[in-house]
Amino acid sequence: MLNKKDTIINVVDEIMTDMFFIFPDLDDDGKQITEGETKEDAIHVGIHFNTDFYIHFDIDRELLREMAINFLAIEPEEVDDEQLAHMACETANIIGGNYLVKVDPDHNFKLSIPEVMTSNEADMLEEGHWEVSFVSDGRVMKISPFQRAEPNAN
Amino acid sequence: MAFNFLIVDDSPVMRKVIIKTVRLSGVDIGDMYEAGNGIEGLEEARNNWVDLILTDINMPEMDGIAFIKKLKEDEVLKSIPVIVISTEGRDEVVKEAMAYGANDYITKPFRPEEIGNNVLKVLGY
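The listed protein sequences correspond, in order, to chains G and D.
Heads up: the first sequence begins at 0 in numbering that gives the first Met the number 0, then just goes up one per residue.
Heads up: the second sequence begins at 0 in numbering that gives the first Met the number 0, then just goes up one per residue.
Chain G with its partners taken away, still in its complex shape (with noise of 0.2 Å):
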């Protein structure tokens, strides 16, 4: 059974390859690169799991750009600001409600609506558990999720 960190990996795969059209850079012996920092004016989201899991994502633009052309089959020139915002809520929305119906067999937690952070309200989330990147053609997708308690611990 895969761990967590790889479960994750694979469900960002199969969305960003099937639904985006995006695909993972390779290193030098054709393993997918996992790690990446994305640049300072990313765009930042969260989706919670109940109160006590939280997934962040920071999306770099340029590869929230593409996800959009191919997946709304627009122009370039057509995409702003806003459809950017919105195409993160959806993809923290995806990665979101796929991750959980891999590692979460009893069904304790229940997705929110995700939520559009600013650089600073990013900056003062305490260090997640670990982290995990995609990475194409150097734009990056950063992921961290962050476990306050066990589920249904009380």
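Because the hints were derived from the structure by calculation, they are not lab data.
Worth double-checking, as some hints may not be accurate.
[What the hints assert, rightly or not] Simulated crosslink set (DSS-like; lysine-lysine; CA at most 27 Å straight-line):
#1 Lys69/D to Lys109/G
#2 Lys3/G to Lys30/G
#3 Lys69/D to Lys94/D
#4 Lys101/G to Lys69/D
#5 Lys107/D to Lys109/G
Just so you know, these numbers come straight off a predicted model, no measurement behind them.
Place chain D on chain G using the hints.
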């Protein structure tokens, strides 16, 4: 015969994709109505002639399950077929949606032809 559609999803991006996909499915399209949650969806369904509803589950104010339940309790609206398009692909969510009267279920990520095929099937093409 042209069919009228109601798309209920809090994501304008997803509504746009669904509308484009339905338009490509080969179905004769009449009007396309949009709503951002279940409350708006009920309002649109009451105010317009709608032949098929495509709805998300995870939405603010009134989610897709509550929306389907309200729709199917309404004597006038209950005959409108509903297709759920959602990331909530867990068995019990699918079962709940179908138990309340949804006709079909599509899980995100989906391929565009999947929506087209399901729409055609539910409309009896």
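Where does the structure disagree with the numbered hints, that is, which hint numbers, in rising order?
4
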